[in-house]
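Asks: Spelled out from the first residue to the last, the chains are:
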Amino acid sequence: MYGTNAFGVPILSIITLLPSFGALVLALCPAGAHRLIRGIAVVASGVDLLLAVWVTLAFDRGASGFQFIERQVWAKSLNLQYYLGLDGISVLLFLLASLLTFAVVLYSLGPVQSRVKEFFAAVLVLETGMLGTFAALDLSLFYVFFELTLIPTALLIGVWGYGPRKRYSAAKFFIYTLAGSLVMLAAIITVYALTFSSPSGPTLNYVDLLRLAPSWSSGFQIWMFWGFFFVFAIKTPIVPFHTWLPDAYVDAPVAGVVLLSGVLAKMGAYGFIRWLVPLSPDASRDLAFIPVVLSIIGVVYAAYLALVQTDLKRLIAYSSVAGMGFAVLGIFVFNTQGIQGAIIQMVSHGFLSSALFIGCGIIYERFHTLEIRRLGGLGTLMGVFAAVFVIASLGNLGLPGLSAFVAEVLVTIGVFQGTPWLAVPVYFYIILSAAYMLWAVMRVFYLGRPSVESRPTALSVYQEAVPLIGLTLLSLWLGVWATPFLDTTARSVAGLLSYLGVGGAGFQP
Amino acid sequence: MRDYIWLIPAVPLLAAAVNFVAGRRLPDRFTGWFAVACVAASWVVSLIVSAQVLEGQRLDYNLYTWVPSGSFQATIGFYVDPLAAVMLFVVTTISLLVHVYSIGYMHRDPGFYRFFSYLPLFTFSMLLLVLANNYLELYLSWELVGLCSYLLIGFWYEKRSASQAALKAFIVNRVGDFGFGLGVVFVFVAFGTLAYAPVFASVHTVAPGALTIIALLLLAGAMGKSAQWPLHTWLPDAMEGPTPVSALIHAATMVTAGVYLVARSHPIFQAAPGALGWVTVIGLVTALVGATIALVHPDIKHVIAYSTISQLGYMFFACGIGAYALAIFHLFTHAFFKALLFLSAGSVMHSLDNETDMHRMGGLRRHMPVTFATMVSGALALAGLPVFAGFWSKDGILGFAFEQGNYWVYALGTIAAFFTAFYITRLISLTFLGEPRYDTDRLHPHESPKVMTIPLAILGVCSLVAGFAGFPPGQGFLDKMLDPVLDTPAVEHGFTPTTIGLMAFATLVAVSGIGLALAMYAWRVPALDPQLWTRRLGALYRLLSNKYYYDDLYRALFVRPAITIGRALWRLDVEGVDGSVGEVAEGVSEAGRALRRLQTGFVGNYALAIGIGVIALVAYLFWPR
Chain D
108 MYGTNAFGVP ILSIITLLPS FGALVLALCP AGAHRLIRGI AVVASGVDLL
158 LAVWVTLAFD RGASGFQFIE RQVWAKSLNL QYYLGLDGIS VLLFLLASLL
208 TFAVVLYSLG PVQSRVKEFF AAVLVLETGM LGTFAALDLS LFYVFFELTL
258 IPTALLIGVW GYGPRKRYSA AKFFIYTLAG SLVMLAAIIT VYALTFSSPS
308 GPTLNYVDLL RLAPSWSSGF QIWMFWGFFF VFAIKTPIVP FHTWLPDAYV
358 DAPVAGVVLL SGVLAKMGAY GFIRWLVPLS PDASRDLAFI PVVLSIIGVV
408 YAAYLALVQT DLKRLIAYSS VAGMGFAVLG IFVFNTQGIQ GAIIQMVSHG
458 FLSSALFIGC GIIYERFHTL EIRRLGGLGT LMGVFAAVFV IASLGNLGLP
508 GLSAFVAEVL VTIGVFQGTP WLAVPVYFYI ILSAAYMLWA VMRVFYLGRP
558 SVESRPTALS VYQEAVPLIG LTLLSLWLGV WATPFLDTTA RSVAGLLSYL
608 GVGGAGFQP
Chain X
862 MRDYIWLIPA VPLLAAAVNF VAGRRLPDRF TGWFAVACVA ASWVVSLIVS
912 AQVLEGQRLD YNLYTWVPSG SFQATIGFYV DPLAAVMLFV VTTISLLVHV
962 YSIGYMHRDP GFYRFFSYLP LFTFSMLLLV LANNYLELYL SWELVGLCSY
1012 LLIGFWYEKR SASQAALKAF IVNRVGDFGF GLGVVFVFVA FGTLAYAPVF
1062 ASVHTVAPGA LTIIALLLLA GAMGKSAQWP LHTWLPDAME GPTPVSALIH
1112 AATMVTAGVY LVARSHPIFQ AAPGALGWVT VIGLVTALVG ATIALVHPDI
1162 KHVIAYSTIS QLGYMFFACG IGAYALAIFH LFTHAFFKAL LFLSAGSVMH
1212 SLDNETDMHR MGGLRRHMPV TFATMVSGAL ALAGLPVFAG FWSKDGILGF
1262 AFEQGNYWVY ALGTIAAFFT AFYITRLISL TFLGEPRYDT DRLHPHESPK
1312 VMTIPLAILG VCSLVAGFAG FPPGQGFLDK MLDPVLDTPA VEHGFTPTTI
1362 GLMAFATLVA VSGIGLALAM YAWRVPALDP QLWTRRLGAL YRLLSNKYYY
1412 DDLYRALFVR PAITIGRALW RLDVEGVDGS VGEVAEGVSE AGRALRRLQT
1462 GFVGNYALAI GIGVIALVAY LFWPR
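Residue numbers (my numbering), protein chains in the order written: chain D, 108 to 616; chain X, 862 to 1486.
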């Protein structure tokens, strides 16, 4: 009932806690032993990635229900459980979290020179939080892991960030997302209090809650909807809860911004699929128009903002808002193509926005600015880098053959099946995305010369080229042959839709 | 066929990949000829496949599943029928010749290896486009050819005009693809599949209104790619790319993809009420807009580009009146003679240090006899003199319109044909005839190397004979091949008195256009002095030389407003949305400051508060209710 574990070993706990163990070992290292510290960070995140890949390969795509589960009741009278497991919805995101952590650890080997030990410890603790969020199947545990990501991220922005406003940005990020979390905490406590009166006793276990939720009154479900809405809307983010994002993204170091956009944003969208929708099955269908309308507005709005940005990183930050709008949109149209498209969008966005933000880091390291006006001609100065960055940009603007297209077309089909005319503003995005992305590419890579003192050194192979090219190639793989990705998610998405009782009918306003 | 069909697109892709990844370190001699060899291999396989199609073989085969999601199953597959075979032949043949020519043209260019990676990538994408067996694969290759077009227009990316032209081409095409993409999605929702065969088999199960919307959305994509009015503005700018690119992509193959799309989707267009009317109108307007601008433009490549726009208009309205086979026939002949015209123009530019202004040319006939000969044979084909290719295809379309009773289409098309004969003769006269107007001390025009002139000669011969693929009218080789798949409505075939009369009139139109242009630009008849007429028709001339002001119009209507909206929304975001977040934060700290006043630190105050609290609590509990 709660799922299976074919391995018989607590593999998810090992993967989730290994990075924190690595952080603990780092804490014992002398602060000046940079080689040792970097070595431990690479090994911890690298082994973790290998284990996550192994789990993903071992994941049985044909099976329904959760796999690799571990379930321990850690407070018997309260029935709070340590319950981990993966299904088709979470497994790719779990892998993505470990992949991107490894990528930023590699990238950060060079640029991070101050407080090296603390930096890698923060990244590794953050990895535990991210992995736990995607694996946790008990609301109490989910909350713990979800909040565990907050402090290391805020530290990454505030301590290792760029710019004079980094403390402000870190505080803004911290308070804004914490405010949402507290609303969620209240909602979790309310759910918990309600389950006391159920015959099976109190529970926050996902599987148990799914048996109870359909019988909840519509009034209670509406409370649940709003209780979980804000935290995920802020984290993803959905317009108009996005204004912490440009500040946080721009001021964060590469590791921070890659994990923020690549993983933490997905925790929001994942929260919608995993918790909000199943815990308010009727209300989320009745109220779906709210996230649908907000995300459509958000997609177009963020694209217009991206068009006029003067800072390359801020441009990609707004483009990232638009991209996540597609993910939320796909979730709330409640059909196979929409939800699968949403998951693919999360994965694709993880590849592409991370590649682009790493690209921003590479530019910043050499030119000490990301102001579009002051850059130029990088195509000639850094040919290989320019080629890869342009490919990632093309992916970001939805060129077929790269990953974002698959997601965009699936989400558009999902929307079209429910309300055909709504697909028009959604798809209008492809014109705007081409305009802002290629216009920026033209100004940064094609025309002119940088107006700043620069040393356009070649890419360093392991630290810069491997993460950047690797992520771009993954995007190419997903774009050319999406079948393995979609097959992984298919069973769980079908299960979720049949739980919601919508089969494939979808959202009707 | 199934076992090796994938080689046709795959081999050029291999060349693109190898040259892209390793080309920088390989000698130019290798990258260039490697690309040629790969395209040649593709050409050979295409010929084999075409031969099998002639024997009656067909193929509809899925290679693998690309995007499976519930009932949505997009595949990568191949669909081979006579239409695909004709396109395969055109694409691989022209592509091969242009690859060979480019080895000479791009010689010593620092981006040589990049060029020979993009050009095979284009060939791959274009072959995938004509071989696709479903609409999503078509959309994939559709955008990929657009990408190659973007990369090659902006090939000399450090040049501002080139980069801007590339950006413009991509965005204008995206406007068309916005419609096309929605059309593809609508096809799936309406038919439950995207594969050609089941879609075409079940057009009659879908509501006609829905079919019309689908057809018009697909048409939007076709208009973008084929530079049809009002999305034609990107194609003239695309001439910033190297001339072989203009010949291959922006004349012979990619821009005809829209015509292919309409012809391929003709069951939908046929069943969609009103859709073909739009195709006809757009085609006619485009034919006239393109031809009239070409009358006055001074730039040799731009004239040929506007000519391409105009000729694509012919193909569109041919589709619109149901003459699909003739549209493809014109596509076929046009591919050869227009590629020839572009490559000849490239040969001219090559010898004049990249000069493109025809007012600084003249008298090149003596220095470049081969190029002159090939250019003239291309021009004759375009102008539609008897026995040359355009005579059979272009005037075939007009004849079809006449015999069908579409007199307006016939009349407007004939006017455009007169302009066509005029502008192409003007081009020949200004370039090759008369006296040199370039700096004869600095420039010494010379014939291009063999690697360039041999492809020119081959194309020249093709232009002369291509017309016979559709000879005799309505009963030619191509008609017999295409009519079964394109169900062209029956009109009178062969040499009937009407046909002969129409041919005679078409010849008269072409000859008078040629004669007028020669009188004005070659013989310099005083009464027909171009400058005199420019003054006399001042307003009209300004309208044409400013290309009907479309670029200015679009800048004012779309480009600037987009930036303005973006800036306004940005201000809204920073001051409004984020501002209100700040207000909330401000409110919270304000409340905190207010509450802080309660914390005075005096024990007496706290005792008083406790006392008041106790009294209130007791009162609440014991209040009689």
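No lab work stands behind these hints: they were computed from the structure.
Mixed in with the good hints, there may be bad ones.
What the hints assert, rightly or not - Covered stretches of chain D (chain X as the covering partner; in silico rule of three or more C-beta atoms under 8 Å from a C-beta of chain X):
id : stretch
1  : 293 to 307
2  : 481 to 489
3  : 531 to 543
4  : 548 to 554
5  : 583 to 593
Nothing here was measured: the structure is a model prediction, and the numbers come from that model.
For glycine and all other residues, C-beta sits at the position ideal for the given N, C-alpha and C.
Asks: Of the hints stated earlier, which fail here?
Replies: 1
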